[in-house]
Amino acid sequence: MKLILPDGFFTYFAAFAVNLLSYGGGLGYGWSSPALPKLSGRVHPEDNPLRHPTSVHEESWIASLLSLGAMISPIFAELLCEKIGRKRTLLLFSLPMLIGNFMMIFAHRVFHFYVARFLIGLTEGCIFATIPVYSAEISEKHNRGTLGAIMLLFVSLGHLTSSIVGPRVSIRTLSIISLMPCILFLLIFGLLVPETPYFYVLVNKVDEGKNCLRKLRMRDDVDEEMDDIVKAVMELRSAEDKNALKELLTNKYSVKAFILALVLMLLQQFTGLIYVVDYTQHIFDFARTPLSGDVAVILVSTVQVLSIATSANIIDRVNRKTLLLVSLIIIFLLQTTMGSFFYLQQETFEDLRSVSWIPIVCLMLFIMAFQMGIGPISYIFPAEILEPNVKSLGTTLVISIGLLGEFGIATLFPMVAVRIGYYIPFVIFACLSGFAVFFVMWFLPETRQKSFLEIQENIRNKSS
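Just so we're aligned, residue 1 is where the sequence shown starts under UniProt numbering, counting upward by one.
Treat the hints as calculated values from the structure; they're not laboratory data.
Okay, derived cross-link-like pairs now, DSSO-like style, lysine-lysine, Cα gap no bigger than 30 Å in a straight line:
(1) K391 <-> K231
(2) K246 <-> K391
(3) K231 <-> K252
(4) K391 <-> K252
(5) K83 <-> K246
(6) K391 <-> K256
(7) K210 <-> K141
(8) K141 <-> K450
Restraint-style ranges between C-beta atoms, simulated for each label pair:
(9) T302 <-> Q346: 21 to 31 Å
(10) I401 <-> R460: 16 to 26 Å
(11) I183 <-> V230: 34 to 44 Å
(12) F349 <-> G41: 24 to 34 Å
(13) Q346 <-> H52: 26 to 36 Å
(14) R460 <-> L291: 50 to 60 Å
(15) K321 <-> P53: 39 to 49 Å
(16) E235 <-> L95: 28 to 38 Å
(17) M234 <-> M441: 33 to 43 Å
(18) I75 <-> N313: 30 to 40 Å
(19) G408 <-> K321: 21 to 31 Å
Even for Gly, the Cβ is constructed at its ideal location relative to N, Cα and C.
With the hints as constraints, model all of the structure from the sequences given.
Take a look at the structure:
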């Protein structure tokens with residue numbers, strides 16, 4: 001009996017397979033919250049594989065070196081994508097995550113964790129730079145948004161898994177669990193899933209591209225779609241005849257569009273997500289919430305998964321600027337509330353036990369507001385406003401510089417919180433979120449359902 005599968009099934013299977021790496025990336029991002037309290041000896045000191053508890057300085061480096069690795073790799077991933085293909089690039093960059101998690105299983109010195117987290121970060125950067133390209137190039141018009149949203153969903157599911165399992169197992173066991181998606185990715189994606197048809201056409205292997213498309217669509221009649229791919233690649237080659245870096249630095253419109261995309265990405269980082277993600281359990285423990293830190297982390301991570309699933313349905317139905325403004329205003333109010341709570345607790349010694357639920361509610365609402373507005377839109381925006389010939393380079397630079405900001409936050413803000421006050425990071429995040437509201441209102445164009453020419457004209461009018 002022959003198994004009959006619906007048309008396009010293999011396209012979704014390919015999207016699932018490639019995002020096994022995204023799931024591993026989510027485990028990597030979520031690792032810090034349950035692991036750092038154990039390394040510092042604050043909880044379950046018997047689970048600490050190190051010879052001494054970590055200091056705040058060491059903790060901040062363990063958390064932030066992932067962001068440093070993620071900042072570096074997108075530039076190399078972009079170059080390799082054009083040379084060896086999307087699939088081989090992803091397979092190659094999965095190895096640092098594999099090695100990093102393997103190192104953490106046997107780590108017994110802080111330096112081992114430094115190296116391991118940096119290696120995992122190299123893979124994280126490639127995930128955000130390359131998987132969206134792979135997903136877009138295997139998708140059809142009707143499922144492009146859905147396949148694109150799967151990456152963030154799998155990242156958040158990995159983070160949720162780490163939040164649920166991490167507090168209940170040793171650091172070594174958590175590292176073994178984090179290793180599994182890498183192995184599955186290498187086996188399933190490496191052995192069963194093809195390269196994208198776009199890449200085959202780019203390297204003048206049109207027949208192989210057509211065979212690849214037939215496999216993805218599970219049908220033979222792909223001539224019309226293949227013609228569209230060939231046409232798109234020819235237009236891309238025409239655009240790339242210009243020097244992308246020179247255009248990005250000298251073309252007046254490209255400079256303005258790049259600055260807008262970069263500022264939005266940096267403001268996204270300075271809403272404070274990485275600080276909240278890396279130190280969720282620590283924040284809740286310090287706030288003395290009615291729930292234990294690990295239970296509160298699970299609630300926040302669950303909200304993140306649900307928010308990302310919801311945002312995939314509304315992001316193309318509501319104006320981008322409306323979503324951004326609502327998201328940033330809510331974040332401003334929530335971070336102001338968090339800063340006020342910790343100020344009262346730390347500086348005035350007020351008894352806040354009757355309102356100790358506030359940090360839990362605030363961080364859950366913060367995750368919702370972030371994932372349904374500023375979070376996804378800051379990644380979409382560069383592709384919508386940059387000219388075709390500078391889009392690839394410009395987007396890579398925006399992501400890399402944004403991750404540099406993330407690295408700075410993850411490194412410095414924990415030490416600021418401990419040495420000056422836990423309220424200081426939230427006050428800074430609130431101020432920058434307030435600035436972001438005015439930036440979006442005054443400078444950003446609306447891009448939903450707009451042609452590139454309309455967006456270009458809008459930006460020129462705003463800057464004239």
